[in-house]
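When you get a sec, could you build the whole thing from the sequences and use the hints?
Just so you know, the protein sequences line up as chains Z and H, in that order.
Under full-length UniProt numbering, think of the first position of the first sequence as 1, with each following residue one higher.
Under full-length UniProt numbering, think of the first position of the second sequence as 1, with each following residue one higher.
Read the hints as simulated data drawn from the structure, not as lab findings.
Since the model is a prediction, treat every value here as computed from it, not as a measurement.
C-beta atoms are modelled at their ideal positions from N, C-alpha and C, and glycine is treated no differently.
Check each hint, because a few of them may be wrong.
[What the hints assert, rightly or not] In silico BS3-like cross-links for lysine-lysine, where the CA-CA straight-line distance does not exceed 25 Å:
#, chain 1, residue 1, chain 2, residue 2
1, Z, K121, H, K17
2, Z, K18, Z, K96
3, Z, K133, H, K17
4, H, K17, H, K126
5, H, K71, Z, K133
6, H, K71, H, K17
7, Z, K66, Z, K83
8, Z, K77, Z, K66
9, Z, K77, H, K41
10, H, K71, Z, K121
[What the hints assert, rightly or not] Covered stretches of chain Z (in silico footprint by chain H; criterion: 3 or more residues with CB under 8 Å from a CB of chain H, positions within the stretch not fixed):
#, region
11, 29 to 36
12, 96 to 107
13, 124 to 131
The lines below spell out each chain.
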Amino acid sequence: MVVWTDFERTTIQDIFSKINYAVVGQAAFSRCLIVYPWTQRYFGQFGNLYNAAAIASNPKVAAHGKVIMEALEKAVKDMDNIKATYAELSALHSEKLQVDPDNFMLLGDCLTIVVASQLGKNFTAEVHAAFQKFLAVVVSSLRRQYY
Amino acid sequence: MSLSAKDKEIVKAFWAKVSGRADNIGGDAVARMLTVYPQTKTYFSHWKDLSPSSAPHGATVMAAVTDAVSKIDDLIGALLSLSELHAFTLRVDPANFKVLSHNLLVVLSTTFPNDFTPEVHVAIDKFLTAVALALSEKYR
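Structure (structure tokens):
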């Protein structure tokens, strides 16, 4: 059972209430495809991912970035039940999408970096730690249905 | 994943912006690492004070990284004695190098929100990975 401190709860709620899902989603997901190009293997149907400029202006990438943020919001809204919230998504990533689960934290790291750039000095070490813990719980839940 | 000529150019250009604030950036990165990844505190049990005044050590680390930028064509040679230090004296598990690198990237992102573009990010990430590899050289 994940135990959240009050600080962690309010920090996560606060971050997600401040950020623009379309902007942050696009920035984080495109950054992941650029910085870790092997992650492109799962997005053959997204069209032109040939270089950073193409990725940055690709509308399917932008749309999918927003989808990811909306899925993360589900966890934010029910922080005590993240495992259950993601049971179906975990099975989807494992059985249908067949994503190597080591990739989840790559996207997580890019999201951390984008949120950091948005919050600037407000992204203190304590806020960072809370965010990293939240992502670790999300990733662990997404890994659960793999066998 | 070795550094291309383009990568080296990008790293050097970006690092020119960094060097003025290197001490603060390094201090922030180390302090952040100790907070976000508390297992790294195990290497600093000889420090009485693990508060954000890890600034002095952060400055030391950043000075070494800045030096590595200037010797980017031969990182293994440049980091030989530091590698020996980490391997034989400090005995830091090399998996932790990635942890500090990540924290450094986060600080660069908060400090340079507009300049730390995805292209700069990938070049710096590759560079820090190469530095970590050079630092691991003498371990076994």
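Quick rundown of the hints versus the structure:
no.	hint	in the structure
1	Z:K121 - H:K17	18 Å, holds
2	Z:K18 - Z:K96	33 Å, violated
3	Z:K133 - H:K17	31 Å, violated
4	H:K17 - H:K126	18 Å, holds
5	H:K71 - Z:K133	36 Å, violated
6	H:K71 - H:K17	17 Å, holds
7	Z:K66 - Z:K83	21 Å, holds
8	Z:K77 - Z:K66	17 Å, holds
9	Z:K77 - H:K41	33 Å, violated
10	H:K71 - Z:K121	31 Å, violated
11	29 to 36	holds (count 4)
12	96 to 107	violated (count 0)
13	124 to 131	holds (count 4)
Hint violations for this structure: numbers 2, 3, 5, 9, 10 and 12, all remaining hints satisfied.
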